[in-house]
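*Asks:* Using the sequences and the hints, build the whole thing.
In the numbering used here, the protein residues as written are 1 to 424.
The set of hints was computed from the structure by calculation and includes no laboratory data.
The list that follows gives simulated cross-link-like pairs (lysine-lysine, DSS-like), each with its CA atoms no further than 27 Å apart:
| hint | residue 1 | residue 2 |
| --- | --- | --- |
| 1 | 225 | 134 |
| 2 | 225 | 243 |
| 3 | 134 | 243 |
| 4 | 225 | 152 |
Distance ranges between label pairs, derived from CB positions:
| hint | residue 1 | residue 2 | range |
| --- | --- | --- | --- |
| 5 | 53 | 81 | 39 to 49 Å |
| 6 | 265 | 90 | 49 to 59 Å |
| 7 | 240 | 72 | 43 to 53 Å |
Glycine included, C-beta positions come from ideal geometry on N, C-alpha and C.
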Amino acid sequence: MTSTSNYIITIIMVFSMLLAGCTGEEINEPEDIVGCMDNQAINYDPEAIVEISNSCEYADSDNDGILDIDEILGCMDSAATNFDSLATDDDGSCLIPWESEYGVNWVQQFPGGDCECADGAEWFFWSRDADPSKVLLYFEGGGACFEDSGCKFQGGTFQTSISSDGPAVGSVFNSDLGGISNFRNPANPFADWSIVYVPYCTGDIHLGNAITEYAYAEVNHSGHKNSQAAYNFLTSHYTDASKIFVTGSSAGSFPAPFYGILASNSYPDAEITVFNDGSGGVYTNGTYDIVSNWNLNETMGDFLDEFQDFNFFDSADMVIQSWNHDNLIRFGRYDNTEDNTMKYFNALLGNDVQVTYSSQIFASEQKIEDAGIDVSGYIAPGPDHTILGSDRFYTLEVEGVLFVDWFTAFVNGENIEDVHCTNC
1 MTSTSNYIIT IIMVFSMLLA GCTGEEINEP EDIVGCMDNQ AINYDPEAIV
51 EISNSCEYAD SDNDGILDID EILGCMDSAA TNFDSLATDD DGSCLIPWES
101 EYGVNWVQQF PGGDCECADG AEWFFWSRDA DPSKVLLYFE GGGACFEDSG
151 CKFQGGTFQT SISSDGPAVG SVFNSDLGGI SNFRNPANPF ADWSIVYVPY
201 CTGDIHLGNA ITEYAYAEVN HSGHKNSQAA YNFLTSHYTD ASKIFVTGSS
251 AGSFPAPFYG ILASNSYPDA EITVFNDGSG GVYTNGTYDI VSNWNLNETM
301 GDFLDEFQDF NFFDSADMVI QSWNHDNLIR FGRYDNTEDN TMKYFNALLG
351 NDVQVTYSSQ IFASEQKIED AGIDVSGYIA PGPDHTILGS DRFYTLEVEG
401 VLFVDWFTAF VNGENIEDVH CTNC
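*Replies:* Here it is in structure tokens:
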């Protein structure tokens with residue numbers, strides 16, 4: 001019975017299948033939808049489940065040859081502080097630093113002749129043309145050489161070469177770098193001034209004119225000839241200057257008062273200002289014959305008929321002599337109370353190391369004021385050395401007064417109060 005039933009069922013199923021085929025009806029299965037499956041493409045098909053290679057099409061909205069999906073937004077101006085070298089489309093986010101209308105434009109000047117460094121290497125200076133009515137004369141620092149142990153070209157106590165980079169290294173986009181050489185900082189009071197920059201490599205605080213034989217080297221102390229060449233360029237190039245600002249840092253601050261004298265002679269109707277940066281506590285006591293080693297008896301005659309003996313002098317004497325020549329010259333000073341560099345040179349000069357450097361600074365300033373001279377002073381605590389070429393030029397604050405604000409007011413001829421640290 002069972003086998004008969006199974007047989008009948010099988011016959012029915014076969015018959016049903018044949019019947020279905022005879023009717024011509026088909027069983028439809030869903031077809032695969034082919035299309036672009038990338039939703040960033042302009043021909044994206046959200047229903048596609050199969051994608052053929054390279055079937056997607058992409059837009060190039062700005063027709064620059066770079067597809068929109070490959071574009072990288074960012075700042076494309078290389079002069080900007082946020083320049084993006086990978087950017088393909090500028091998004092307007094560029095941050096262009098301020099720059100003086102006169103630019104950076106340092107020019108290297110080669111005077112030739114007898115101008116040279118201590119080792120006989122070629123010497124040059126730098127100039128920067130800006131407003132011709134305002135001229136800054138700046139003397140670079142770099143130690144000094146007046147005795148055997150320091151007067152050698154390797155391991156000595158003075159700078160024997162000058163950099164071909166010169167002051168241009170300070171002209172960077174990082175706004176606080178470079179001090180007064182940074183013409184991309186709107187707070188720089190000399191941003192629109194013409195400048196003559198005098199490099200230093202002679203060990204004689206820019207004032208010597210001698211070839212001196214020391215134990216380890218024969219040194220060409222030709223700083224006077226070098227500086228005179230730079231000054232002669234200034235007077236011939238900026239004939240109508242109405243403001244002359246003479247300054248220097250460290251060893252470069254010593255000649256500043258004397259070139260203030262020359263400037264007052266060359267420009268009798270101009271406003272002459274002298275600023276000493278980082279030398280207020282230095283003095284000599286006759287331990288070394290600096291006058292003979294550098295031949296100062298000859299060179300100082302180009303500034304004054306009578307002058308202080310450099311074997312026995314302090315920083316105040318230079319200011320006093322300059323003021324005695326022209327009491328219309330304005331004077332200012334900057335110092336650190338524990339200036340390690342100048343403490344070292346005071347010891348090298350044979351001075352009593354028990355005498356604090358800070359006391360020498362204050363005594364020197366008092367000596368100037370006792371001579372009836374109005375000198376503007378900014379005295380900061382600590383061991384740092386000089387400020388005009390330092391990043392601290394824009395950030396240092398003493399007794400609530402930013403140095404850059406105080407100095408700018410001084411440059412502009414304003415009457416300013418002294419700033420002296422009280423806990424130093």
